[in-house]
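A.B. asks: Chains as they are written, first to last, in my numbering: chain A, 32 to 347; chain B, 32 to 347.
It is worth saying that the hints were derived from the structure and are not from the lab. Beta carbons are placed, not taken as given, at the ideal position from N, Cα and C, and that holds for glycine.
To list a few chain A residues with every Cβ distance to chain B over 10 Å, as calculated:
| hint | residue |
| --- | --- |
| 1 | 34 |
| 2 | 37 |
| 3 | 49 |
| 4 | 91 |
| 5 | 176 |
Partial list, derived from the structure: chain B residues whose beta carbon lies under 8 Å from chain A:
| hint | residue |
| --- | --- |
| 6 | 211 |
| 7 | 235 |
| 8 | 247 |
| 9 | 309 |
| 10 | 318 |
| 11 | 321 |
| 12 | 334 |
Protein chains: 2
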Amino acid sequence: MSRVVHVGAAQLGPISADESRADVVERLIALLRDGATIGCDLVVFPELALTTFFPRWYTDSFDGHDHYYEREMPGPQTQPLFDEAARLNVGFCLGYAELTPQGERFNAYLLVDKRGVAVGKYRKVHIPGHDSDEPWRPFQHLERRYFQESPEGFPVFRAFDGIVGMALCNDRRWSETYRVLGLQAAELILIGYNTPLHYAPDPDQNALQGFHNHLVMQAGAYQNGTWIVGVAKGGIEEGVESLSQTAIISPSGQIVAQTITSGDVLVSARCDLDLCSRYKDTLFDFARYRRPEAYRLITERKGAIAPPQRNKQGAS
Amino acid sequence: MSRVVHVGAAQLGPISADESRADVVERLIALLRDGATIGCDLVVFPELALTTFFPRWYTDSFDGHDHYYEREMPGPQTQPLFDEAARLNVGFCLGYAELTPQGERFNAYLLVDKRGVAVGKYRKVHIPGHDSDEPWRPFQHLERRYFQESPEGFPVFRAFDGIVGMALCNDRRWSETYRVLGLQAAELILIGYNTPLHYAPDPDQNALQGFHNHLVMQAGAYQNGTWIVGVAKGGIEEGVESLSQTAIISPSGQIVAQTITSGDVLVSARCDLDLCSRYKDTLFDFARYRRPEAYRLITERKGAIAPPQRNKQGAS
Chain A
32 MSRVVHVGAA
42 QLGPISADES
52 RADVVERLIA
62 LLRDGATIGC
72 DLVVFPELAL
82 TTFFPRWYTD
92 SFDGHDHYYE
102 REMPGPQTQP
112 LFDEAARLNV
122 GFCLGYAELT
132 PQGERFNAYL
142 LVDKRGVAVG
152 KYRKVHIPGH
162 DSDEPWRPFQ
172 HLERRYFQES
182 PEGFPVFRAF
192 DGIVGMALCN
202 DRRWSETYRV
212 LGLQAAELIL
222 IGYNTPLHYA
232 PDPDQNALQG
242 FHNHLVMQAG
252 AYQNGTWIVG
262 VAKGGIEEGV
272 ESLSQTAIIS
282 PSGQIVAQTI
292 TSGDVLVSAR
302 CDLDLCSRYK
312 DTLFDFARYR
322 RPEAYRLITE
332 RKGAIAPPQR
342 NKQGAS
Chain B
32 MSRVVHVGAA
42 QLGPISADES
52 RADVVERLIA
62 LLRDGATIGC
72 DLVVFPELAL
82 TTFFPRWYTD
92 SFDGHDHYYE
102 REMPGPQTQP
112 LFDEAARLNV
122 GFCLGYAELT
132 PQGERFNAYL
142 LVDKRGVAVG
152 KYRKVHIPGH
162 DSDEPWRPFQ
172 HLERRYFQES
182 PEGFPVFRAF
192 DGIVGMALCN
202 DRRWSETYRV
212 LGLQAAELIL
222 IGYNTPLHYA
232 PDPDQNALQG
242 FHNHLVMQAG
252 AYQNGTWIVG
262 VAKGGIEEGV
272 ESLSQTAIIS
282 PSGQIVAQTI
292 TSGDVLVSAR
302 CDLDLCSRYK
312 DTLFDFARYR
322 RPEAYRLITE
332 RKGAIAPPQR
342 NKQGAS
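Looking at chain A on its own, in the form it has when it is part of the complex:
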């Protein structure tokens, strides 16, 4: 029995601050239909796919941004997307800002099956940027103000005939993200992102954004023998240009599909989940080759700690 999942990576272009939720959902539905037309089983949308990337703005009270958060999912404005998925028999993965009844704010990613039923949810673990206004920046990256770190780690879900994990944006830069999912036998990792091209703390990295984006996902795919679907919200949004480069990456680390423009567009690949074993059962047979006793610092230590200074006499 084949385990081919036809995955559509549904890149979004910019969403302006005044674009209504209804208008955005219409764009999502158009991409969902595009995926259905070519036979996709699953259409993956990016991080914060319902709104503009609002963490770029500082306001004294973060309540001022409450209209960017979803208090229920689906809610009245997003229900049509779920209905259309069920009608088309196509699953999807949707990124959005979540405001819980307890007042918690998470950067969330929801996996919905072909019946339009939520089957998995992920909340962002690695929150990048900063938490107070930094006016020296051309624009803010206040994710640490508007979102809290998820305490739930990286769960996996049985869906689409395989084992599916999720991650969001900055998570993809951390090798631990992929490894924790890999240790749960993940075969398909869905990653949505919003990545401004300008990195204020070190603009020398700006020109490398595209290189780094693919590098970390390709390494994560190869080192864990898993498919990865990285989906961007790209283009120039409210004056800030973000990386596109949506890509579907095989367990070999090879890119098998990618976008070449920065607007709303879907690219797809038929992902044979059985190919994961080519890596999981050979070079990356974790049970045979890993050495967890040598990895203790990874969980025992948070920040880097340099070894003691040597006596100058011993210097080379």
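Based on the hints, put chain B in the right spot on chain A.
C.D. replies: Just chain B now, with coordinates in the frame of chain A:
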């Protein structure tokens, strides 16, 4: 004060089974001198740089391979390399098979300073391949027969005005290698390797050896903000072709020097260790952004474990 270390990556071509230790040491000295001529502070040799890659052969008793191991370092045959390093005022890093007085067999890497004095030693943690004869393979990869796994993990050493870590061959494919070194603030990671182009368990990977080699080292460098020097023993050795592709990689993940042939050759780069902070203090500020509590599986679990099967009714 600048912290530029001029590093030479001294790739070796094949070493035949009957090549004498004295002849090999002469080749190493020639490369050391080549590095000294252009002002290198440190010349990095590959894994098992004194012998042919003997784990490709099975013999009933592994004592039959004892002549490939060093019982002392330096010994009479390797002393000339240490003497020449001191004379030239150039450090080096040397890979060799170690047989301890207790009869332990390690795949070792020794860091020697400009005075010709050993300042750090690493023993391979991730031993790839297999431990018994597998005649179906065109050649063996019996590292797990001829070497034991080091219990010492990944230490770092203060040397060459920076913090230096080491790894060997298969270690470079594991993200944990880089992270454990990165958590000790490593700024320069030296990696020697012998990588046959033919991977018997899945020959579809053969054509990707070069891609994978650079991918894992570039990701490791970027994700930990460290320089990496990957040095091959390449070319066709005793009928087996191995990857060359020696490369020096910056903390940005960019390759700044690489070999384009497969013989004895040195390429070099002036590695400014202060550039590491461009990554270590920003995007990869571990103390600020890492989430060790979400990484527990990395040390708690060795092999991958899939989640329980869902009830079929719940399948998408």
